[in-house]
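A.B. asks: All chains, please: the whole structure from these sequences, using the hints.
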Amino acid sequence: MTLRTLLLASAASACALPALADVNVYTTRQPELIQPVVDAFTAKTGIQVNLAFIEEGIVERLVAEGARSPADLVMTVDIGNLEQIVDAGVIQPVDSEVLKAAIPENLRDPENLWFALTERARIVYASKDRVAPGEVTTYEDLADPKWQGRICTRPGTHNYNLALLSAVIAHHGEDSARQWAEGLRANLARKPQGNDTAQVRAIWAGECDISLGNTYYMGQMLEDPEQAEWANSVRIEFPKFEDGGTHINVSGIAMTKAAPDREEALQLMEFLVSPEAQTVYAEENHEYPVLPGAEIPELVASWGTLDADTLPLDEIAEHRADALRIMEEVNFDG
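Going letter by letter, the sequence shown gives residues -21 to -1, 1 to 313 in mature numbering (1 follows the signal peptide of the UniProt record, and there is no 0).
If a hint is listed, it holds; no wrong ones were tucked in.
Taking lysine-lysine pairs in the PhoX-like style, the calculated list, with each CA pair at most 25 Å apart, reads:
1. K219 to K107
2. K107 to K125
3. K107 to K170
4. K125 to K219
5. K236 to K79
6. K170 to K125
Hints are computed from structural coordinates only; laboratory data are not their basis.
C.D. replies: Structure below.
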């Protein structure tokens, strides 16, 4: 019996509470990635959840709707996106002892405006044939000339790489971060292009030996018959900062300022950080739970031990504008 089946069975056997209202969620995540845990919440509480997938312009939509917005919650990925929602002034703080007890301090907003739900690590995909185990050690090492012509990555101005460079700034300062970006660019095998999956395909094709990528892409590739061959040509290496751990990013949730059904929305937020929901949600997305002690999905655990960096994500987000400026100054994508 799968974790999802166990969760639904447990929820269905619980005494359902009367549904006072539906909960409307704006999400940049594909609804099918969220639906299993949402279904379990509905089975347990009787509260229906309506998912509205908004691929682009979610902040602009919330701003335009203002107090008339039907959205109770907003779910998105990347600390940069979460901070954009904060800056837009369209969400409200949530004072919940359940959320604060479940989510480590560095994975939530200091003012309780957003809360992380899952973690993903920005790691290195390494060729099994051309890179020895343990050869990749630190992020700083990626700028070493020994990797010249051997690295692939998506554009440096993409949110995932901007978050990583923001973390480099937070650890070492702007000058060192610029030198690192220049060194990384000098080691590229080709112009930055495509997504993280495209980089693994390039390793499989022999165009490069290592690439930057998020962990969950490995799970997605293994589920695709065509891409599984690419995935099996690489292994995941967990580089660390010289004075820290492996860089992580998150998916997160926040309550809108309009929130027509705040009480029900809070119930959903608190359910999403419960042990059973955390495991199922992480399993569906091939990510790591944020709840300490929650079971890590078997496939994710097989990739190795994640020693996550403990820098507060909001501190990393403060350097995003500087990271973008540096990427442009070094002509990373040129």
